[in-house]
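Peer 1: What follows is each chain in one-letter form.
Number of protein chains: 2
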Amino acid sequence: MKILLNNEQDFFIINNERSIMKRVAIQGGLGAYHGIAAENFFAGEDVDIIPCVTFRDIFSAIKKDSNIIGIMAIENTIAGSLLQNYELLKEHKLHIAGEYKLRISHCFAALPGQTIHEIKEVQSHPIALMQCGNFLETLPGVKVVEHEDTALAARDIQNKNLIGNAAICSERAAEIYGLNILAKGIETNKHNFTRFLIFGNDWAVEDIQKDEVINKASIVFTLPHAEGSLAKVLSVFSFYGINLTKIQSLPIIGREWEYQFYVDFKFDDLERYKQSLVAIKPLINELRTLGEYPEGITPEV
Amino acid sequence: MKILLNNEQDFFIINNERSIMKRVAIQGGLGAYHGIAAENFFAGEDVDIIPCVTFRDIFSAIKKDSNIIGIMAIENTIAGSLLQNYELLKEHKLHIAGEYKLRISHCFAALPGQTIHEIKEVQSHPIALMQCGNFLETLPGVKVVEHEDTALAARDIQNKNLIGNAAICSERAAEIYGLNILAKGIETNKHNFTRFLIFGNDWAVEDIQKDEVINKASIVFTLPHAEGSLAKVLSVFSFYGINLTKIQSLPIIGREWEYQFYVDFKFDDLERYKQSLVAIKPLINELRTLGEYPEGITPEV
Chain A
1 MKILLNNEQD FFIINNERSI MKRVAIQGGL GAYHGIAAEN FFAGEDVDII
51 PCVTFRDIFS AIKKDSNIIG IMAIENTIAG SLLQNYELLK EHKLHIAGEY
101 KLRISHCFAA LPGQTIHEIK EVQSHPIALM QCGNFLETLP GVKVVEHEDT
151 ALAARDIQNK NLIGNAAICS ERAAEIYGLN ILAKGIETNK HNFTRFLIFG
201 NDWAVEDIQK DEVINKASIV FTLPHAEGSL AKVLSVFSFY GINLTKIQSL
251 PIIGREWEYQ FYVDFKFDDL ERYKQSLVAI KPLINELRTL GEYPEGITPE
301 V
Chain B
1 MKILLNNEQD FFIINNERSI MKRVAIQGGL GAYHGIAAEN FFAGEDVDII
51 PCVTFRDIFS AIKKDSNIIG IMAIENTIAG SLLQNYELLK EHKLHIAGEY
101 KLRISHCFAA LPGQTIHEIK EVQSHPIALM QCGNFLETLP GVKVVEHEDT
151 ALAARDIQNK NLIGNAAICS ERAAEIYGLN ILAKGIETNK HNFTRFLIFG
201 NDWAVEDIQK DEVINKASIV FTLPHAEGSL AKVLSVFSFY GINLTKIQSL
251 PIIGREWEYQ FYVDFKFDDL ERYKQSLVAI KPLINELRTL GEYPEGITPE
301 V
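Residue numbers (the working numbering), protein chains in the order written: chain A, 1 to 301; chain B, 1 to 301.
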């Protein structure tokens with residue numbers, strides 16, 4: 001509540017500043033997949049990227065300057081949902097302004113003037129290395145080294161002038177850090193998409209959404225562990241014509257008789273959706289709306 | 001099918017071998033959390049642990065010797081579900097024999113004869129390092145280094161006689177690799193549980209389950225993307241007295257008009273549960289039972 005009051009006082013000053021430059025906090029640096037999501041979501045706008053080490057740091061940045069917008073991965077088609085990020089959103093009482101879906105495609109990049117056969121060592125984030133397992137098997141002599149971040153692996157090669165070294169990173173990172181792309185689309189599974197949420201305080205959300213059509217929502221609710229309690233709630237949503245696009249249960253540790261559900265909906269009629277929330281209230285324990293926002297475009301493989 | 005036939009021929013030989021020593025493939029080495037889950041699940045039995053680098057390698061091991069049992073993490077209360085592991089189970093047509101829930105608790109361990117203040121560097125898996133963030137803040141001068149595995153970080157300290165170096169690992173790993181525990185329970189969030197699945201081919205599952213009471217099941221089904229289709233299916237389960245304990249939706253890439261649901265159930269009556277599966281058949285597209293097994297015990301915090 002304190003934060004909200006502070007921001008109300010500062011609202012006009014902040015609002016003026018913001019019209020000049022949007023400040024967006026992301027996890028990782030430029031050229032990392034969060035950075036690409038930020039650049040694409042705010043394409044055509046002046047955006048000041050604030051790199052954060054952890055997801056929690058994004059929320060600390062917004063706490064310090066309530067005008068900052070956060071971008072955070074929430075689920076990946078291969079790795080699954082990032083539950084702790086849902087928890088962070090819930091805990092900090094911020095709102096989702098939008099979503100961005102990015103196809104994750106890795107490239108193999110090194111300092112210019114080298115062929116793929118001159119590479120002796122490759123460095124990247126362990127998940128990226130794992131996702132390119134088939135490609136790495138084609139390079140049997142190459143030593144595989146873990147790095148904290150895909151983009152920082154690329155930056156290290158530039159900064160330290162590491163000849164014979166390659167990074168597995170985004171094409172954008174290779175471009176930013178002056179590396180030559182020796183192979184692209186090297187991920188084993190091409191169906192690799194990450195969904196990012198763009199979020200912030202109420203006024204930041206309003207500013208981002210402007211006149212866009214709101215047709216999606218993310219909510220979290222708890223249910224008593226009674227037989228058929230979820231079936232009842234979903235039936236009510238179905239009667240109101242609200243389509244479920246994602247559901248994920250999460251046991252509440254220490255409250256084993258209750259369950260928590262994260263649900264995403266799609267709808268044509270925002271009013272009808274709001275009415276459905278009123279209708280389910282008597283059937284559930286707690287309800288929190290994480291955000292109501294326009295659906296993102298699903299990229300092609 | 002080929003694997004099944006091979007195994008039918010070898011069945012009696014294998015069965016004899018197995019009565020001497022169970023072979024269990026796990027991801028990571030001894031003292032890693034998968035190893036602890038294996039030791040605890042098969043407590044009192046002779047178990048031969050087969051360490052695997054990746055989750056996929058567990059399945060390759062079972063493909064080579066169909067008698068091997070796999071143990072694999074499927075969800076963690078902080079990090080969420082490991083979707084790719086569900087996919088591996090589905091793809092390989094193996095069955096779940098049981099589940100094991102482990103409380104993840106890290107310790108800070110180093111070569112004997114040192115105090116915590118003599119430690120200059122700590123190494124562990126990035127997730128373990130992250131989970132001990134608060135503890136690490138109390139050691140400001142200590143350099144934090146990422147390692148591929150918590151247990152292997154401990155082993156390295158022993159093998160390389162790394163004085164001034166500590167690992168963040170399980171107490172079991174500290175014990176196996178002769179390290180002295182300088183601090184225990186150093187994870188920030190104590191509500192850190194991982195659920196492991198024990199799985200294998202039909203006969204291996206039968207052998208593990210013996211006369212145990214089956215009161216849990218994991219299934220995966222696809223639904224047409226029609227309004228209220230999930231509500232209908234869950235209503236049927238509720239009419240049959242089958243309790244949902246977990247639900248997770250997963251979009252099917254390339255088949256955007258369908259949805260896939262991973263669901264866990266608890267029930268008192270195995271027959272009733274089987275009848276409910278017959279009852280939902282006309283309402284769904286595809287159905288696969290990943291396993292029917294006894295519920296694991298939830299450890300205390």
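Among the hints, a few may not be true.
[As the list claims (entries may be wrong)] Across the chosen pairs, the derived CB separations fall in these ranges:
no., chain 1, residue 1, chain 2, residue 2, range
1, A, Q158, B, N215, 50 to 60 Å
2, A, Q114, B, E45, 47 to 57 Å
3, A, K274, B, N40, 42 to 52 Å
4, A, K281, B, Q158, 51 to 61 Å
5, A, I214, B, N215, 42 to 52 Å
6, A, E45, B, N180, 16 to 26 Å
7, B, Q114, A, R288, 39 to 49 Å
8, A, D211, B, P282, 11 to 21 Å
9, B, S60, A, P140, 12 to 22 Å
10, A, E45, B, V144, 29 to 39 Å
By construction, these hints were calculated from the structure, which means they are not laboratory data. Backbone N, C-alpha and C define an ideal beta-carbon position, used for all residues, glycine too.
Peer 1: Could one say that the CB atoms of A/I214 and B/N215 fall in the range 42 to 52 Å?
Peer 2: holds, 43 Å
Peer 1: Taking the CB of A/K281 and the CB of B/Q158, does the distance hold inside 51 to 61 Å?
Peer 2: Since A/K281 and B/Q158 have Cβ atoms about 58 Å apart, the given range 51 to 61 Å holds.
Peer 1: Should the hint that B/S60 and A/P140 are 12 to 22 Å apart at their CB atoms be regarded as holding?
Peer 2: About 18 Å separates the Cβ atoms of B/S60 and A/P140, which means 12 to 22 Å holds.
Peer 1: Does 39 to 49 Å hold as the CB distance between B/Q114 and A/R288, or does it fail?
Peer 2: holds, 47 Å
Peer 1: Please check whether A/K274 and B/N40 have a Cβ separation lying inside 42 to 52 Å.
Peer 2: holds, 49 Å
Peer 1: Is the gap between the beta carbons of A/E45 and B/N180 within 16 to 26 Å?
Peer 2: Violated: the Cβ-Cβ distance is about 55 Å, outside 16 to 26 Å.
Peer 1: Range first: 11 to 21 Å. Now tell me if the beta carbons of A/D211 and B/P282 are that far apart.
Peer 2: violated, 44 Å
Peer 1: State, for the Cβ atoms of A/E45 and B/V144, whether the hinted interval 29 to 39 Å holds or is violated.
Peer 2: Because 36 Å falls inside the window, the suggested range holds.
Peer 1: Given the hint of 47 to 57 Å, check if A/Q114 and B/E45 actually sit that far apart at their C-beta atoms.
Peer 2: For A/Q114 and B/E45 the Cβ distance comes to about 53 Å; the hint holds.
Peer 1: Please test the hint of 50 to 60 Å on the beta carbon pair from A/Q158 and B/N215.
Peer 2: holds, 58 Å
Hints 6 and 8 from the earlier list are contradicted by this structure; the remaining hints agree with it.
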